[in-house]
Amino acid sequence: MNEKQRVNRKKLNKSLDKLFLILGFSVTLLALGILLTLILDIVQDGWGRLNLDFLTHFPSRKPQEAGILSAWVGTLWIMTLTSVIAFPLGVMAGIYLEEYAPQNRITNLIEINIANLAGVPSIIYGLLGLGLFVRFMHMGRSVISGGATLALLILPMIILSTREALRAVPFSIREAAYAIGATKWQTVRHQVLPSALPGIMTGTILAMSRAIGETAPLIMIGALTYIAFLPAPPLQSQFPFLHLNGLFDPFTVLPIQIFNWVSRPQKGFFEDAAAGIIILLGIAFLMNAVAIFLRTRYQKKIRW
Amino acid sequence: MSDEFQIKNLNAFYGSKQALKNINLDISEKTITALIGPSGCGKSTFIRCLNRMNDLVKSFHLEGDILYQGTDLYSGKWDVIDIRDKIGMVFQKPNPFPKSIRENITFGLKIRGMKDRNILEHITEQSLKKAAIWDEVKDRLNDHALSLSGGQQQRLCIARTLAVQPQVILFDEPCSALDPISTAKIEELMLEIKKDFTIIIVTHNMQQAARVSDQSGFFLLGELIEMGKTQDIFTNPHDKRTEDYITGRFG
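Going down the list, the sequences are from chains A and B.
Per the working numbering, residue 1 is the first one in the first sequence, and the count goes up by one each step.
Per the working numbering, residue 305 is the first one in the second sequence, and the count goes up by one each step.
Hint data in this document are derived by calculation from the structure and do not stem from the laboratory.
Relax, there's no trap hidden among the hints.
If the Cβ cut is set under 10 Å, some of the chain B residues that face chain A in the computed set are:
(1) Val384
(2) Thr465
(3) Val468
So these bits of chain B aren't anywhere near chain A, every CB distance computed over 12 Å:
(4) Phe317
(5) Asp376
(6) Asp420
(7) Asp518
Beta-carbon label-pair distances, calculated as ranges:
(8) Arg416(B) with Tyr100(A): 20 to 26 Å
(9) Ser453(B) with Pro194(A): 19 to 25 Å
(10) Val84(A) with Gly417(B): 28 to 34 Å
(11) Leu371(B) with Asn288(A): 55 to 61 Å
(12) Leu450(B) with Val43(A): 44 to 50 Å
Note that CB positions come from ideal geometry on N, CA and C, so glycine has one too.
Just chain A, with the same shape it has in the complex:
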């Protein structure tokens, strides 16, 4: 290779380098561009319908009068129930598997299956919910069935993120607690768990923001697509103030309502769907933002 060839080769290398940079940049731009276009398109279609009436009205046959009251209240119910059921179960299972379970074949089998369950298509969970909660346990096509089904769906994710967060706590902290006479539970409860909590919260919120967009399993267990009343509210003015009858009422959620509107022929419903999507996206972004906030905030606070 003479001097001239070397110089040429160097030039080629530099151009290739630049080419890759341009390629990578344009691909990133393309992906962001598509997302942005979609969002802009949705906002353009739906912005006109976004107002208080839209949030406080039930769906209607007339697109201008239709609202998403039953859908967002249903989503609120389902999300609350899902987190109330899945969070304690998932965290406790995670703690048991990570801190207590003996290392043997059964534990291994459970661990492998939990990892697999996190990848099972959501419609399978819908079938399970239909068979287990709706039919076998006679809970009906109700909010509680929906919440329990989505709880099953995100349970593996919560267990996995709990374990990961616990594993990130240095062993020396456990040693320190044991060495001054703490029991296993005291060590976990007072030292390990508080340090792992931000990680657990982040994982849970991300799992929840996946659950909020789930449609298939809820259609499977029989969520309604048109509904003109709300589940009975849990707080009431007469004694004993807390009524859980609403748990067994039928419901719908945002993604199902959106799906229903999109499949209508009238242009007006298309706008309603776009407005619904904006709200759903808004909630999902908000949840992700909270997760990121928690992560950065506590990462700064906890240093080893």
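The hints should help you fit chain B onto chain A, whose structure is shown.
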């Protein structure tokens, strides 16, 4: 002086690998015992048998007797929590809890059911004073423990151990991560607290062993080669290997 520990024919294993071979030794109360020897000689394994910290290692098991105040620690008559109530430990790397300075001290008291704020406050102050760190932290007890320097963190860990009033304190190379000034402070405080506690210290630093301890033991490849008064070990060792190690010919 009565014997706090009597160790008889102690053999310890990680899986099939033998870490300690036929250790026999007695340790008197309210003395400082230094264990020296090259890395991997089993001295840390040994000290971790004394508060059953090795229980946390799955493949670990041991044979022989470790009598503490006349009763075998591994016999089932001792509950492991009670053992650590009596036998505290300070680790090689400072490991304060990622909480405030105050909470580091009070954790051990709170898990024992102590709630009275005045008593907690009093013990916190006493422990920090005994660990010679009170003056440095008294104005910022609510600060995060990890904002302290390495040497301060280690003294905080010692204070945390003192607060729960054990009878024995095990030091597992407590100064290996510290600068000479912090090391000097910790040695001074060991001599200070010796009147109340039985102290066993594992160290790589032979000068440290010579400075603080009453008796010394030399470990090599899992065996206790020689044990005796520190002065004798350092001036007139019986075993050739001890002499070689102390004079720096190997290790």
